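Those sequence lines, one after another, are chains Z and U.
Residues in the first sequence are numbered consecutively from 1, following the working numbering.
Residues in the second sequence are numbered consecutively from 1, following the working numbering.
Since the hints were made in silico from the structure, they are not lab data.
Heads up, a few of these hints could be off.
As the list claims (entries may be wrong) - Residues from chain Z shown here face chain U by an in silico Cβ test under 7 Å; the list is partial: (1) F65; (2) P117; (3) D118; (4) P216; (5) S220; (6) P223.
Unchecked claim - Rough simulated footprint, nothing fancy, chain Z against chain U, three-plus residues with beta-carbon under 8 Å: (7) 29 to 41; (8) 47 to 54; (9) 65 to 72; (10) 124 to 132; (11) 151 to 158; (12) 246 to 254.
Bear in mind that the values here come from a model prediction, so they are computed numbers and not experimental data.
The beta-carbon is built from N, C-alpha and C at its ideal position, and this holds for glycine as well.
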Amino acid sequence: MPTENVAAGVRTGTYLYYRHTLPVRIMHWINVVALTILLLSGLNIFSAHPALYWGQSSYTGHGPFFDISAREKANGDLVGVTRLFGREFVTTGVLGASAGDDGDLIPRAFPSWLTIPDARWLAMARRWHLFFAWVFVLNGLCYLVYVVASRHLARDLAPTKTDWRSIGASIIDHLRFRHPRGEEAKRYNVLQKLAYLAVIFILLPLVILMGWAMSPRLDSFLPGWVDIVGGRQSARSIHFVVAWLLVAFALVHVFEVIVSGFWNHLRSMITGRYRVDAEARDETAR
Amino acid sequence: MKLRVRPSRRRFLTRAVSAAGVLTLSGCDALSRTTWFPRLLGAGEKLSQSAQQLLTPRRSMAQEFTEAERSPQFRSNGTSMPDSPEYEALAAREFADYHLQVGGLVVKPASLTLAALRALPSRTQITRHDCVEGWSAIGKWKGAKLAALLDQVQVRPEARFAVFYCADPMGDNGTDLYYESIDMDDAFHAQTILAYELNDEPLPVKNGAPIRLRVERQLGYKHAKYVMRIELVDAFDHIAGGKGGYWEDNGYEWYAGI
Numbered sequence: 001m002p003t004e005n006v007a008a009g010v011r012t013g014t015y016l017y018y019r020h021t022l023p024v025r026i027m028h029w030i031n032v033v034a035l036t037i038l039l040l041s042g043l044n045i046f047s048a049h050p051a052l053y054w055g056q057s058s059y060t061g062h063g064p065f066f067d068i069s070a071r072e073k074a075n076g077d078l079v080g081v082t083r084l085f086g087r088e089f090v091t092t093g094v095l096g097a098s099a100g101d102d103g104d105l106i107p108r109a110f111p112s113w114l115t116i117p118d119a120r121w122l123a124m125a126r127r128w129h130l131f132f133a134w135v136f137v138l139n140g141l142c143y144l145v146y147v148v149a150s151r152h153l154a155r156d157l158a159p160t161k162t163d164w165r166s167i168g169a170s171i172i173d174h175l176r177f178r179h180p181r182g183e184e185a186k187r188y189n190v191l192q193k194l195a196y197l198a199v200i201f202i203l204l205p206l207v208i209l210m211g212w213a214m215s216p217r218l219d220s221f222l223p224g225w226v227d228i229v230g231g232r233q234s235a236r237s238i239h240f241v242v243a244w245l246l247v248a249f250a251l252v253h254v255f256e257v258i259v260s261g262f263w264n265h266l267r268s269m270i271t272g273r274y275r276v277d278a279e280a281r282d283e284t285a286r
Numbered sequence: 001m002k003l004r005v006r007p008s009r010r011r012f013l014t015r016a017v018s019a020a021g022v023l024t025l026s027g028c029d030a031l032s033r034t035t036w037f038p039r040l041l042g043a044g045e046k047l048s049q050s051a052q053q054l055l056t057p058r059r060s061m062a063q064e065f066t067e068a069e070r071s072p073q074f075r076s077n078g079t080s081m082p083d084s085p086e087y088e089a090l091a092a093r094e095f096a097d098y099h100l101q102v103g104g105l106v107v108k109p110a111s112l113t114l115a116a117l118r119a120l121p122s123r124t125q126i127t128r129h130d131c132v133e134g135w136s137a138i139g140k141w142k143g144a145k146l147a148a149l150l151d152q153v154q155v156r157p158e159a160r161f162a163v164f165y166c167a168d169p170m171g172d173n174g175t176d177l178y179y180e181s182i183d184m185d186d187a188f189h190a191q192t193i194l195a196y197e198l199n200d201e202p203l204p205v206k207n208g209a210p211i212r213l214r215v216e217r218q219l220g221y222k223h224a225k226y227v228m229r230i231e232l233v234d235a236f237d238h239i240a241g242g243k244g245g246y247w248e249d250n251g252y253e254w255y256a257g258i
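Next comes chain Z alone, as it looks inside the complex:
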């Protein structure tokens, strides 16, 4: 057991370290709520036309590259079918056909437990989606202003030269589920920084931009700008795919939180305080 990093001037023993400032904590949880509602209401909106296309329109002569549908068997039973690049998967119970109010299978792209509202209700799903889109965008703008002004971005998120050099070691550490402890745990590791930066500066702006690309009025901002990504239907497909990349990020994020000290991380995102165990042996003795 290494008793590392007890350098001169660094506190020893177990102590609470102020990790997340109040604005970051508030914006983090607003984001959790907004993105969850955006995803679940988005899946309801998608169910109004559960097919994705590449190009300017849905009727280009090529069919969708992804679609979810329901088919009736000879005996009248429903079968949920999901098609991706010409391959067909039976997804009864989850995609295409899932339980309705009375428990019988009904045709619907995503199951009711995965959508807001639970019923197929496009008008209401759009209300949720387009309201929380504003919550998310305004929260995101506040966040950007804050991280620049407070130097959180430059100080804690931007990778340093040392970070770039340690990238190989960091990958190995992650694969072996070995997490920094003691003083090292106070800072983000390089993969963590890169993941956050990719989400903040690539995925989230992209999902917003592709949402705008679906707006006929915003398309008139500079007629033809949506052709940069291949057209409005391509934009809709990218919007959908990026939403799932964000889900993938959230899953990895929550997984890492769990394996590297769930309650410690959760507390630090609620109260701001993160426990630093300067000496690992101390922890087992408690």
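Got chain Z sorted already, so can you dock chain U onto it with the hints?
Same frame as chain Z, now just chain U:
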């Protein structure tokens, strides 16, 4: 200071979190069925409208496409044959008896035959139709410029909206005729036309014959089909459900810019 969470508390918190998850989702559904919450969510529509009008000029043009980019067929959605004896009679004589009524807050109310509409200044445009459901189709439309018609009937300054009354009943027994409304910016927009041709053919019944509104910077349901009468008004809260359109009365946004 206690630094570790006790197992009992941990179990309680885990249960609380999962219970909160379930409650939140069913809470969302309960909220959807109140009257006040959807109205609160409707603030999003107002924000989107203001932001879009701020970001794009009043006269900004929707994208136009080439002949080759047209969709092989133009999908018909919603009504494909209005279920009304009056409409069937008009269609049977290929709309020879059709008259478009224009009234309300105008100086000179008018009644126009198809020939009169065809004689108005026209515009041909290949545009993308974006349905609220998510699909798009590209078609070539030719029609009378609505601005030219409105100039002819002389819109009074107090008019704020143009309301389009249609022939297609949405309810049973011929009730709930489709209708729509747009503001004056959209009514006088260069690409807003009363289309009588689709892809160089007379507008088919399934796409809104004899006249369909094209209002290119809005979603599909604003493009009223089977238009029979246009009324200029200063408010639409006294019309049908009061929300300015059939789908609007059923919970969809009046401002369908996104």
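Evaluation of the provided hints:
{"no.": "1", "hint": "F65", "result": "violated, 14 Å"}
{"no.": "2", "hint": "P117", "result": "holds, 4 Å"}
{"no.": "3", "hint": "D118", "result": "holds, 5 Å"}
{"no.": "4", "hint": "P216", "result": "holds, 5 Å"}
{"no.": "5", "hint": "S220", "result": "holds, 4 Å"}
{"no.": "6", "hint": "P223", "result": "holds, 4 Å"}
{"no.": "7", "hint": "29 to 41", "result": "holds (count 5)"}
{"no.": "8", "hint": "47 to 54", "result": "holds (count 3)"}
{"no.": "9", "hint": "65 to 72", "result": "holds (count 4)"}
{"no.": "10", "hint": "124 to 132", "result": "holds (count 4)"}
{"no.": "11", "hint": "151 to 158", "result": "violated (count 0)"}
{"no.": "12", "hint": "246 to 254", "result": "holds (count 5)"}
Consistency note: the structure conflicts with the earlier hints numbered 1, 11.
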